[in-house]
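Colleague: Residue-level listing of the chains:
Number of protein chains: 2
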Amino acid sequence: MSGPIEFFFDFSSPYGYFASFKVDELAERYGRRSVWKPFMLGVVFKETGNRPLSQQPLKGEYCIHDWERLGRYMNVPWTMPDPFPIATLSAARAFYWLDGRDSDQAKRFARAAFDAYFGQGRDISTVDAVVEIAAGLGEDAAEVKQAVTDAAIKQRLKEETAAAMERGVIGSPYFIVDGEGFWGSDRMWMIKKWLQDGGW
Amino acid sequence: MSGPIEFFFDFSSPYGYFASFKVDELAERYGRRSVWKPFMLGVVFKETGNRPLSQQPLKGEYCIHDWERLGRYMNVPWTMPDPFPIATLSAARAFYWLDGRDSDQAKRFARAAFDAYFGQGRDISTVDAVVEIAAGLGEDAAEVKQAVTDAAIKQRLKEETAAAMERGVIGSPYFIVDGEGFWGSDRMWMIKKWLQDGGW
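Line by line, the protein sequences are chains G and L. The letter at position 191 of the first sequence is residue 193 when you use our numbering, and the numbering goes up by one with no holes. The letter at position 187 of the second sequence is residue 189 when you use our numbering, and the numbering goes up by one with no holes.
What the hints contain is simulated information worked out from the structure, not anything from laboratory work. Every clue listed holds true.
Just so you know, same-sequence chains aren't split out, so a pair can sit in one copy or run between any two.
Computed list of lysine-lysine pairs in BS3-like fashion (alpha-carbon distance at most 25 Å, straight line):
#1 K48 - K160
#2 K61 - K195
#3 K24 - K109
#4 K195 - K24
In isolation and in its complexed conformation, chain G is listed as follows (with noise of 0.2 Å):
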């Protein structure tokens, strides 16, 4: 098999920031897409009874640690963001609008909201930080406005939410390839041994 590597991610999941900076290249080296698929973490939350790891205690202040000592690990931007965590529909709906044209320009898109919020620490739950980092992207930001209110997009995100749940989706990041599922960006490297190996 040689389908895509497909990538779930809440905007708000600094465990998603994290290996979004190497799902691409991952599925390069193997000579695989990747697809990427924001959905809204709360919704599944409510199903696995669980809780944003902030929120949670003990294991709150480790994550906090973790993301730090992440950061500086992989050298990349790292800005706890208060407030933490946020809604994530605005970016999730304005993902899928720019994806529907053009995939490329929807993982810019991605890629700037989770370095506004993660690397910069800037609040982007609100449709007009939105609007702002799609309008950096070259967007018409009278468009993307439109676009993340418009009823089809947030159709398109709810039945986007409900088939990542079907398919076993259960937390931010997780991935899917050849109908392997694979749970947190710790497990990236599982991933590589399965497409080394053909599965095991």
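Mind docking chain L on chain G? Use the hints.
Modeller: For chain L alone, coordinates are given in the frame of chain G:
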């Protein structure tokens, strides 16, 4: 610094089982000692609000698949035990009793107990099961039986669990090296890099 790699685990933790195959090799490679420290994960769960992985909706299914996959990948025995999870007080007490006399024998016991539970699927929650495992390593059955109900040993396990929590142990496995904590068998690569680079 050149302190030990402290390896915190619960005998009922699949990821602790997988880590147990690798921790001594990792320590040896970097000229460190490994110190094994079983603790009561259930006590930690009360603080963190966590539940055993297999009892969490969706996450449980993922993990059961992941454990099978890890067993195949690492080429180590894997049996999904039933019942799971179990109380591992007796196993942890036997460990600390042996550890007071001979830490290598305590590690041999830990490996044998992990193998009995996750390699062969044998219930190791009872005193009799724990006695049998220790007897298989040349220990006197009557002595072991007395040890696992000994007040001082019970107290030792309580203290080890409290000390682990105080030092930030939030799951199994968890590692502390030179004051830095690493959570999960998936983070052994990070310990390696940390030791190579002297932190970052």
